[in-house]
Structures are given as structure tokens and as C-alpha cells.
Amino acid sequence: MSESNPEQIDLQEVAPAEVGEIDLYQRRERIYTRKVEGYFQRIRLYTGWPLLLGYFILPWIQWGDRQAVLFDLPARKFHILGMTFWPQDFPMLAFLLIIAAFSLFAVTTFAGRLWCGYTCPQTVWTSIFMWLEQYTEGSRNQRIKLDQAPWSAEKALKKGMKHGSWLFVAFMTGLTFVGYFYPIRSLATELLQFSAPLVAVFWTGFFTVLTYLNAGWMREQVCKYMCPYARFQSVMFDHDTLIVSYDEKRGEPRGSRKRSADPSELGLGHCINCELCVQVCPTGIDIRKGLQYECIDCAMCVDACDSVMDKMQYPKGLIRYTSERELAGDTTHWLRPRIIGYVLVLGLMITVFCWQMLTRIPLELSVIRDRNQLYVTTDSGAIDNIYTLRLVNMDPEMHEFEIGIEGLAGAQIIGETEYTLNGGEVRTINLRIRQRPEQLATPSSEFHFTVKATDEASLHTRHESRFVKPL
Amino acid sequence: MASFWSWWIILLTVASFVGLTWILFANRKGEPGGTEKTTGHVYDGIEELENPLPAWWFAMFVITMVFGVAYLALYPGLGNFEGLLNWTQENQYERDVAKADEVHREMRDRYLAMPVEEIAANPEVIRMGRRMFSNNCAQCHGSDARGAYGFPNLTDDDWIYGGSPETIKASITQGRRAAMPAWGSVIGDQGVSEVTAHLLTLNGREADESLASAGAKTFATYCVDCHGPEGHGNPALGAPNLTNGIWLYGGQVEQIAHSIRAGRNGNMPAHEELLGEDKIHILTAYVYSLSH
Numbered sequence: 001m002s003e004s005n006p007e008q009i010d011l012q013e014v015a016p017a018e019v020g021e022i023d024l025y026q027r028r029e030r031i032y033t034r035k036v037e038g039y040f041q042r043i044r045l046y047t048g049w050p051l052l053l054g055y056f057i058l059p060w061i062q063w064g065d066r067q068a069v070l071f072d073l074p075a076r077k078f079h080i081l082g083m084t085f086w087p088q089d090f091p092m093l094a095f096l097l098i099i100a101a102f103s104l105f106a107v108t109t110f111a112g113r114l115w116c117g118y119t120c121p122q123t124v125w126t127s128i129f130m131w132l133e134q135y136t137e138g139s140r141n142q143r144i145k146l147d148q149a150p151w152s153a154e155k156a157l158k159k160g161m162k163h164g165s166w167l168f169v170a171f172m173t174g175l176t177f178v179g180y181f182y183p184i185r186s187l188a189t190e191l192l193q194f195s196a197p198l199v200a201v202f203w204t205g206f207f208t209v210l211t212y213l214n215a216g217w218m219r220e221q222v223c224k225y226m227c228p229y230a231r232f233q234s235v236m237f238d239h240d241t242l243i244v245s246y247d248e249k250r251g252e253p254r255g256s257r258k259r260s261a262d263p264s265e266l267g268l269g270h271c272i273n274c275e276l277c278v279q280v281c282p283t284g285i286d287i288r289k290g291l292q293y294e295c296i297d298c299a300m301c302v303d304a305c306d307s308v309m310d311k312m313q314y315p316k317g318l319i320r321y322t323s324e325r326e327l328a329g330d331t332t333h334w335l336r337p338r339i340i341g342y343v344l345v346l347g348l349m350i351t352v353f354c355w356q357m358l359t360r361i362p363l364e365l366s367v368i369r370d371r372n373q374l375y376v377t378t379d380s381g382a383i384d385n386i387y388t389l390r391l392v393n394m395d396p397e398m399h400e401f402e403i404g405i406e407g408l409a410g411a412q413i414i415g416e417t418e419y420t421l422n423g424g425e426v427r428t429i430n431l432r433i434r435q436r437p438e439q440l441a442t443p444s445s446e447f448h449f450t451v452k453a454t455d456e457a458s459l460h461t462r463h464e465s466r467f468v469k470p471l
Numbered sequence: 472m473a474s475f476w477s478w479w480i481i482l483l484t485v486a487s488f489v490g491l492t493w494i495l496f497a498n499r500k501g502e503p504g505g506t507e508k509t510t511g512h513v514y515d516g517i518e519e520l521e522n523p524l525p526a527w528w529f530a531m532f533v534i535t536m537v538f539g540v541a542y543l544a545l546y547p548g549l550g551n552f553e554g555l556l557n558w559t560q561e562n563q564y565e566r567d568v569a570k571a572d573e574v575h576r577e578m579r580d581r582y583l584a585m586p587v588e589e590i591a592a593n594p595e596v597i598r599m600g601r602r603m604f605s606n607n608c609a610q611c612h613g614s615d616a617r618g619a620y621g622f623p624n625l626t627d628d629d630w631i632y633g634g635s636p637e638t639i640k641a642s643i644t645q646g647r648r649a650a651m652p653a654w655g656s657v658i659g660d661q662g663v664s665e666v667t668a669h670l671l672t673l674n675g676r677e678a679d680e681s682l683a684s685a686g687a688k689t690f691a692t693y694c695v696d697c698h699g700p701e702g703h704g705n706p707a708l709g710a711p712n713l714t715n716g717i718w719l720y721g722g723q724v725e726q727i728a729h730s731i732r733a734g735r736n737g738n739m740p741a742h743e744e745l746l747g748e749d750k751i752h753i754l755t756a757y758v759y760s761l762s763h
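Taken in sequence, the protein lines are chains A and Y. Here the first sequence stands for residues 1 to 471, numbered as in my numbering. Here the second sequence stands for residues 472 to 763, numbered as in my numbering.
Treat the hints with care, as some may be off.
Unchecked claim - With a straight-line Cα cutoff of 30 Å, these simulated DSSO-like cross-link-like pairs (lysine-lysine) come out:
hint, chain 1, residue 1, chain 2, residue 2
1, A, K289, A, K258
2, A, K289, Y, K500
3, A, K224, Y, K500
4, A, K258, A, K311
5, A, K289, Y, K508
6, A, K35, A, K155
7, Y, K640, Y, K570
8, A, K289, A, K145
9, A, K311, A, K289
10, A, K249, A, K311
11, A, K77, Y, K570
12, A, K289, A, K224
13, A, K224, Y, K508
14, A, K155, A, K145
15, A, K35, A, K249
16, Y, K508, A, K249
17, A, K35, A, K162
18, A, K145, A, K35
To be verified - Which bits of chain Y does chain A cover? Going by a derived footprint, with three or more residues having C-beta under 8 Å, they are:
hint, region
19, 493-500
20, 605-611
21, 615-622
22, 707-721
Bear in mind the hints are in silico, worked out from the structure with no lab data behind them. Cβ coordinates follow ideal geometry from the N, Cα and C atoms, glycine included.
From just these sequences and the hints, can you work out the full model?
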């Protein structure tokens, strides 16, 4: 090589740099959340408890001789307090769900992911499980140490207690959930006696395992990778939406300092870089990096930072609920067309829904014409049409009903017209209608079957049908 | 499936499977991309970040593949290969029907042992019977069983072949084939008019007296064998009662005359093989209940 052209720089044999292949899938980093107390955590506690109590106690409440809230799938009857809904009422449920979704969008536009942070079952059950974890395994540092420590009797005991308590809560959750669909009193006793039907055992186990896995193991992975709402909530955000945010102008440059030191002398902002906001975050992000899709608006970092600001005797709110516009130095516009629109439409939908609920008539009539013979000519030359009526008394009470016809002058009903139906009974009724052909102007005449309860004026309905005569 | 297409499908399935597995594993590791965290896709100033998938997704891919292999081994999916479980739609259907039959057999056997008159008052039997009637009988007799032109009303007291449980059951089981001969060529047009007039008077309707008395003689000669001297009919032969104002083929003068002239050949099909003894028993009870 030394004899080479002097204008050329000598090549040197160099071993290639160690470039190892890396795994393109992200290893999950365990998140050890630090316990935090504060204003927003109290709000979570005080709003969460009533909801949880409601969830766990509701199925145990009786209404008359049945469970107050029971979605009886095999019988296709859905009991909510004094009301019984039928599959025919399904549009009401769809409407209710649309209202719920719309409320969610409205709240998100106004205040960001409040649902995620405070009321989503994933967050609530994760919080319960984290609390159990804290109770059985100790604080964040103790847990990290415990996980790194070799197996010992103490570690096994702590882990056993944690998973045992998780499974207990998960089982209670699963049992309660199934209890909305299968009478919970008999379910509980049957499970204790090992005599529950297989399908009830399966679903109780299914929801137990899923609760355990979701709240114990999956946690923020559900929010980050599975939840669709987390993915499209950003389209509802605007510059005035409330978000949990770090006030960069006030906080930077961050750095540690003595409590007595004056930050302006040191050239530092208010962030002391204590990392508490990162340690408390249930999704494991650093809020100081700005708005991130993982953030569920739970405000744990707000409470953590406020406690530090208190200790440092700085004003609170270095991390706070604020809006992008406010961070940019402007003020948040609360009343904006989007919010007003959402509120108006929501109000309208809720009004229509309530009106529908209040005026709902728990009676249904459907009519099927015999089609194999469009009409029957009688000996006397009259025309008969045959109908099968299905009368559904969706009211829980027994009623007497009378069937009639409207819009077919002079026609005669052949067959029984008065029926007594038990609460929830479905009756199939065969009738024929007789009419003189000369009284019918057209080959096919539209008319209505009517049904009304003779003992309850509000129970009445009608159904359209046709009467056919020979051409 | 022809064996070519069978192999074609096997080839496609296996090749896709191998290809997908290769893609999954080939893309598992990569060169470190430095600090670059975007895919380079930009639209309206919005950049697409390159956030890696969580590692447990990789495990889920692998699980779906294991599931796929197991599924293709157990169930028919690979061309003509029938799968190790020998599962088919037909045998699943047959299994389910057999299971349902077993469940209902006990109940049907119980009812089969009871007399029709007794179970005709049982609401459960009536519900089952109504459903069978809708499926098997309503096409002709109407869903209200009140009949139509050519198909008798089953809710009244007039029975062509008798209304006892035994005869109703026999009608359903073996069917009925009526044979009213055509008398037009035997008695002539005049004879038809006369017999028609006689039948009208039997029913208390107006008719020419001289025609009717001539018709009575013709009736006594030709019709009496089946319909009886007074026209009350004979259920054993299926000869209808001609005096009660109920006309299977219409009661207008021309309709009656046509029945005499051209004859009638009503046909009730046999249901023995279609329904079986136990279902016919329940159906009999339902039909019986309509007029009792």
C-alpha cells in the first residue's frame, strides 16, 4: 500500500462497526406508577365510588317479584325498573347509544378526554388494580425492587396476595356483569353449589379473566393499541379544547435547584425536573413533551406537580388543564359554534328520546295476509279475505283487547274479536273479513286493523292491510 | 370439485400461508434507523410518525397462524381435503335435528298415548298444532281453517268424511280422493237442470216445481247410492250432505249444475310420510278443537 499513488489517500482496513439488528417491535416497558394524591384524584374518587357502587349493587335490587334491571336474552325481554322492553324497541336503544356517543363527542370537544381519564371502565378498574398493587406490594420503589429481587417466600406471598386480590375483584366484576343478564341471586347460589348452567359459568369466567388481564396486565396497552376512541378523539380537538398540558414558557429551562434558591438568578424556569409527573403517569409518557395521543387526561401529573409547586412555594399549575390557545398567550374561548351546536343538537335529541319514552305504547299488532288465495268467494257471492294477526301485549299487566277494522264500510269480521292477553303474551289470531264485491270500488282496497284495550284507554294501535276482490 | 381446482386452492392457500409467515419473520428485525421517527409521509404539513407495534402483536400474529394451521387440519378448507374431524354442514344439521327430535320425542310420545278429545283442550298442543297447520294445511284450507272454493271449512259441523278423531286422523294420514262422476252425458242437459232444481228445493230455495219433481226421480235413480234418498250424504264414501246449504264448489245455480254435469274430483294429499304418526296426532287434535 505504501507504493501507491501519493495523491490517493491510503486505504485502511477497519473492522465494520458493530451494527446489530434490532427488533422492530416495541418491547413493552413496565410502568410502575407512583401513588399520588390531590384535587383531581379526589374528584376521581368521589365520582368513581357512586358509579362503582351502582354497578355492583344494581343487579341485587328487586322490583316486585323480579330483578329490577335484567336483560333476559333467552326470553328477549329487557326489564329496567317498571318497564319491559322488547326487541321491537331496539331503535330506542340505538337512539340512546347515539345520544351517548354524541355526548361523548361534545364533552371531548369541550374538555378533552375526560371520559378516558375519569369514567372509562378501563381506567377505573386499572385504578382499582393499581391501588391493590400498592396495598399488597408497596410503593413504586418497593415494587421495582421486588420485581428485581430473586424469588423468595416473601416475594411469592406478596405476588400471591396481589394476584389473589386482583382475581377476586375480577370475579366480582364478572359475576356482576353476568348478573345483568342472568338472575344474579340464583347465579351466586348456583355458583357456590357448583350447579350453575355451563353457559353462565363460562361467561362469568370469561369476564373474570378479561377483567384480570385488562386491568392487571394490559392496562395502558388497551388505550394505546386497541381503543378506537383514543385514535379518533383528535378530530374533535380544537385550539380551545381543555388538555392536560405543561406550561413550557414557565417551566423551561428545567433543572434541579435548592428550595431556597431563586430560579431567575440561576436562569431556570419553574420545572425542577423531579420527574414526578413521569412516575405517576399511568400510560408512561412525559407530559412535558407536549400533547400526545397516549395522554388520557387523568390529571395525575397535575396533582403530582401541584404538590411539588406547593413545596417549592411556586404558584400551582405548571401542569394544568389548559388549552392550546391559552398556552399561546391568548384566552380560551368557551362559547364557540361547535360547543353551542353540540349542546343544541344534544338537547333536541334528548327531548325527542324522552318524548318517545313517555308516549311509548306497549302494544304491537302485525298483520299477514293469506297469499295462497288472494280471496275466497262465498256461496252467497260475498268476498272473503283471510288474515293472520299477531297481537303482542308488551305491557306487564293483563289486558282485554278488541279488534276492529277501519276504512272498509259495511265489512264484517268473521271470527272472534275479543281477546284477553296476559302481560307479555303474544297471540296469533286468524280472522277473515267478508265484504260484498259491489261495495268495493277498486280490486285492492287499503284499510286498517285496529286494536284497543277495553280496560286501558292509552293502549291502542293500528296496522295497515289490503282487501282484494276479483277483477 | 375437480382435482385440478382442488390442487389449485391448496396451492394458493399454502403459498399464501408460507408467504405471510415469511413476511412476518423477515420484517421482524431491521437495521436501526437512527433517530428518524417518521415514515416520510407528509400531507398538509402533517407527518406520519413511525411508532413501532408492540411486541405482543407479533405473538398474536403467530397465534393466528397456529390457529390457521389447526383449523385447516381439522375442518374442510384445503381443496377437497375433508379435515380430520370429518365435519360437514349436513352432518351437523342431522346431529342437531336428531338432538331436537330426542328432546321433543318424550313430549310427543306422551301426547300420542292420550286420546285426541283430551289433548284438544291442552293449550300447548293447540299451539303446536296451529304451527303445523300453518305450515302444512293453511295453503288450501286458509290460515283460519275456514276453507275456500274446493277446500272444505274445518271449523263447522259439516264433515264430508266424518268429524270424529279417527276419521280426521285418517283423512290427514291417508289423504282423500273424491270421485263425483260426470253425469252430463248420462242424464243430458235437461236432466242436469232437473236435478239442480231438485237440489235447490232440498235446500229450501226457489225452483221450478215441475223441473224439481222430474229431478227428484233422476236423483232417486242416479244419486241416491252415494248421497242417500234424502240427500244427507254418506261420510263413509265422502258423499257430501246436499241439504245444509254448504257447497264445496259454490252454491250458485250454475255452479251446482256444473258439479253435476262435469263431476268433481277433490284431492286431499296423504301426510303420513311427511309428518309421521306423532305429529299427525297433534294436528288431529288441533283440527278437532276447531269445531269443538
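These are the hints, each one checked on the structure:
Taken as a hint, the K289 of chain A and K258 of chain A pair is honoured in the structure, with Cα atoms around 24 Å apart against an allowance of 30 Å. For the given pair, K289 of chain A sits about 28 Å from K500 of chain Y by alpha-carbon distance, which is consistent with the 30 Å threshold. With a C-alpha separation of about 22 Å, the suggested pair K224 of chain A and K500 of chain Y falls inside the 30 Å cut-off, and the hint holds. For the hint pairing K258 of chain A with K311 of chain A, the CA-to-CA distance comes to about 11 Å; that is within 30 Å, so the pair holds.
In summary, the hint linking K289 of chain A to K508 of chain Y is supported, as the alpha carbons are separated by about 15 Å, within the 30 Å threshold. With a C-alpha separation of about 21 Å, the suggested pair K35 of chain A and K155 of chain A falls inside the 30 Å cut-off, and the hint holds. Restraint check: the Cα-Cα separation between K640 of chain Y and K570 of chain Y comes to about 27 Å, which is no more than 30 Å; the hinted pair holds. The hinted pair formed by K289 of chain A and K145 of chain A meets the criterion: a straight-line CA distance of about 28 Å does not exceed 30 Å.
Distance check on the hinted pair: K311 of chain A and K289 of chain A sit about 24 Å apart at the alpha-carbon level, within 30 Å; holds. At roughly 21 Å between alpha-carbon atoms, K249 of chain A and K311 of chain A fall within 30 Å of each other, so this suggested pair holds. Between K77 of chain A and K570 of chain Y the CA atoms are separated by roughly 27 Å; this keeps the pair inside 30 Å, and the hint holds. Restraint check: the Cα-Cα separation between K289 of chain A and K224 of chain A comes to about 17 Å, which is no more than 30 Å; the hinted pair holds.
Note on K224 of chain A and K508 of chain Y: the hinted pairing holds, with a Cα-Cα distance of about 18 Å set against a maximum of 30 Å. With a C-alpha separation of about 10 Å, the suggested pairing of K155 of chain A with K145 of chain A holds against the 30 Å cut-off. For the hint linking K35 of chain A to K249 of chain A, the alpha-carbon distance of about 28 Å falls within 30 Å, and the restraint holds. Distance restraint check for K508 of chain Y and K249 of chain A: the Cα-Cα separation of roughly 26 Å lies within the 30 Å cut-off, and the hinted pair is therefore satisfied.
Only pairs whose Cα atoms come within 30 Å are accepted, and K35 of chain A paired with K162 of chain A is accepted, the gap being roughly 16 Å. For the given pair, K145 of chain A sits about 16 Å from K35 of chain A by alpha-carbon distance, which is consistent with the 30 Å threshold. Coverage of the region 493-500 of chain Y by chain A holds. Counting CB-CB distances below 8 Å, 3 residues qualify, and the rule asks for three or more. Judged by the Cβ-Cβ criterion of 8 Å, the region 605-611 of chain Y is covered by chain A as claimed, because 4 of its residues qualify and three suffice.
Three residues within the 8 Å Cβ limit are the bar, and the region 615-622 of chain Y against chain A gives 6, so the coverage statement holds. By the rule of at least three residues with a Cβ nearer than 8 Å to a Cβ of chain A, the coverage given for the region 707-721 of chain Y holds, with 4 such residues.
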